[in-house]
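Engineer: Spelled out from the first residue to the last, the chains are:
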Amino acid sequence: MAYLYDPNNVGGTVNGGAQAMWDLKALLVSAGWTVLGSGGGTGSGLYSAVGDILTTATLMNVSRAWFRITDPAGVREFCIQRGSGGNTAWWIRYSALDKFTGGAPDEDDMPTATDVQNVWGTTNAGTALFNTAGYYKYHAAADNAAPYTFYLVTCSNGTGAPYSCFVFDAMVAGSYPSQDADPRIVHCHAGGTPLDLSRLTSAASAPFGWYAMNLGGETWVRFTGHYLFSSGYGQLYPNGMGPNPYTDEDMDFPIAWGRGGSAATQFGWKGFGAMMRWTGSDHSNMQPLSNGRVVFDDISLPWPVGVAPVR
Amino acid sequence: MAYQFDVNNNNGANGGAEVMFALRQLLVSVGWVVLADSDGTTYSGTGVQITHASSGANGMNNSRAWFRIQDPAGRREFCIQRGTAGNTAWWIKYSALDRFTTGGDATNMPTATDQQNVGGGSSVVGATIFATANTYQYHLGADDAAPYTFYAFAAVDTTAVTAGAFFMDAMVAGSYPAEDTDPVVITATNSTLTYSSWTSASASSAPSGWFRMNMTREAWVIMLGHRYYNSGYGIMAPSEGTHANPYTTGEDTLPIPYGRAASAGSCLGWKGVGSMVRWTVQDRANMDTISAGGVRFRVLMDDVTFPWPDVVPVLA
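Protein sequences, first through last, are from chains A and Z. Under numbering that gives the first Met the number 0, the first sequence has 8 at position 9, and the numbering climbs by one with no breaks. Under numbering that gives the first Met the number 0, the second sequence has 8 at position 9, and the numbering climbs by one with no breaks.
One thing to keep in mind: the hints can contain errors.
[Unchecked claim] Some chain Z residues judged to face chain A by a derived CB distance under 10 Å, without partners named:
hint: 1; residue: R63
hint: 2; residue: A105
hint: 3; residue: A177
hint: 4; residue: H225
[As the list claims (entries may be wrong)] Pair ranges (Cβ atoms, derived):
hint: 5; chain 1: Z; residue 1: A261; chain 2: A; residue 2: T54; range: 30 to 40 Å
hint: 6; chain 1: Z; residue 1: A1; chain 2: A; residue 2: G101; range: 15 to 25 Å
hint: 7; chain 1: A; residue 1: A72; chain 2: Z; residue 2: A177; range: 24 to 34 Å
hint: 8; chain 1: A; residue 1: H282; chain 2: Z; residue 2: T215; range: 22 to 32 Å
hint: 9; chain 1: Z; residue 1: G264; chain 2: A; residue 2: Q178; range: 22 to 32 Å
hint: 10; chain 1: Z; residue 1: A145; chain 2: A; residue 2: T264; range: 57 to 67 Å
hint: 11; chain 1: Z; residue 1: G264; chain 2: A; residue 2: H282; range: 47 to 57 Å
hint: 12; chain 1: A; residue 1: A72; chain 2: Z; residue 2: T100; range: 54 to 64 Å
hint: 13; chain 1: Z; residue 1: T158; chain 2: A; residue 2: S197; range: 52 to 62 Å
hint: 14; chain 1: Z; residue 1: R216; chain 2: A; residue 2: T131; range: 33 to 43 Å
hint: 15; chain 1: Z; residue 1: G293; chain 2: A; residue 2: A72; range: 46 to 56 Å
hint: 16; chain 1: Z; residue 1: S122; chain 2: A; residue 2: T264; range: 52 to 62 Å
Read the hints as simulated data drawn from the structure, not as lab findings. Beta carbons are placed, not taken as given, at the ideal position from N, Cα and C, and that holds for glycine.
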């Protein structure tokens, strides 16, 4: 397992979010993902049912341009479309098992899948995922080994404060029920603090995932993260624990995902997340940690060794 | 690795002495060694003096009777003494590395340079661990493989209310800092095994363990368990709501994370994730069992679960 990285990118004034999403596509392809279809957007006359015709970020930056991409195992797929509302707006859809083989895809319409779920946006107008072009840096990483997790995070210039994210995380092997056909969560958020405690633990903004997929009662629902708390010493994770007491190096902790007693339906355990981890201490955004990760709000993500984060 | 059990024991007139003697026997059966003991009158430097749970010669139920027992790796040791206050009260000492090699006679346990008191007892008087004799059932389990975790707990007849507990749990391999030379937590308590007692900063109810053992700033401190909580859907564990496994409709348990958060003020940091004792995720009655495929494998006490054999718990 190795993460491939594309960090410290300036959110350009020309193609904005289209540049970030095109770069994410390129990174995923380098990590083994395959583009199975694409459209050049309204009026482009460009459509491929089998491959990638979006060879530049400029081609990605056309209203309703889209691509379909599958993971290296040929199982999980995303369809990602630039919204008609501009390159800040996107529609992201996910197929865990059934694949985007339906519908009538063309230059500006994505295919469908029987298990399709909206991760971000609900129409081809898209929903704002990126800040105004030129106001942010973006950072991406993708694991080239199973379970093929990846992230794209944008951070405001200067402060490095996360503004938006698109994260695909998996549950740690052995931590989830073996019957779970899709031990994954997908998290998109925009508008600031996409990865802080309140966001990841809220019933209104936590990541999505499948509950009981392919079984009776299957539902696409939000799975909240949980923090570790004791009445005696307060909050341990995130940010209450401090460094490793033996080495003084930074420590983090996998995030426990599930739906607790206050959820009205679909109670139960999802698993411990693999890529996103709670921070042990309260650090500044984009601060590199001694364990080879970097801080985004209240979590840390893998980061390339020796590369200084650019705020 | 396999747990060996001695469960569904009806406690009699010798009360806590029965529990401790049975625990001693169970531990020996899985490889622990009694290195010295005394029935309160006669000392044995080879650990052959105590042979039964009652009072009188060779008995465990005598004031200040004690035994020293060592794990199968020849490393961790406990000295366990019946208190002068009766068979409900015990003085339990733990040595993680240095061993109880100094002193020891008919009424006094030996000492170790790293010894620590467990469960509130700090003198021959002892501290109350168990309920009044003849009022409860007791249950024991011990792993016959490293890291040699074990438990003893008691449940009041019929109601199954907690009537005392003593256990040593180890952190899951890989979950604790590699530099930790003693990744275990230990509890001996007369409190309930609820989230509130498990997570309160009280040495008589919460687990304790070593912080930075054999390093600067080493300290024997309370290591609290932590619950999984959020503002969105509330408590995931322990024991809130009904969180059956969504796929099997069976019952889940979750590992207990141990450590010391910022409010502890000192000795801050992560201990690890416990292996033997796990949080419940479903609010159930004490001594209910958890099964998989029709086979019982854990039992509930308050907010935690212990390994359990495939037998029906006896409540009275």
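Engineer: Determine for every hint whether it applies to the structure shown.
Structural biologist: Structure-based check of each hint:
no.	hint	verdict
1	R63	violated, 33 Å
2	A105	violated, 39 Å
3	A177	holds, 8 Å
4	H225	holds, 4 Å
5	Z:A261 x A:T54: 30 to 40 Å	violated, 51 Å
6	Z:A1 x A:G101: 15 to 25 Å	violated, 51 Å
7	A:A72 x Z:A177: 24 to 34 Å	holds, 32 Å
8	A:H282 x Z:T215: 22 to 32 Å	holds, 25 Å
9	Z:G264 x A:Q178: 22 to 32 Å	violated, 44 Å
10	Z:A145 x A:T264: 57 to 67 Å	violated, 43 Å
11	Z:G264 x A:H282: 47 to 57 Å	violated, 21 Å
12	A:A72 x Z:T100: 54 to 64 Å	holds, 58 Å
13	Z:T158 x A:S197: 52 to 62 Å	violated, 41 Å
14	Z:R216 x A:T131: 33 to 43 Å	violated, 50 Å
15	Z:G293 x A:A72: 46 to 56 Å	violated, 34 Å
16	Z:S122 x A:T264: 52 to 62 Å	holds, 55 Å
Hint compliance for this structure: hints 1, 2, 5, 6, 9, 10, 11, 13, 14, 15 are not met, and every other hint is.
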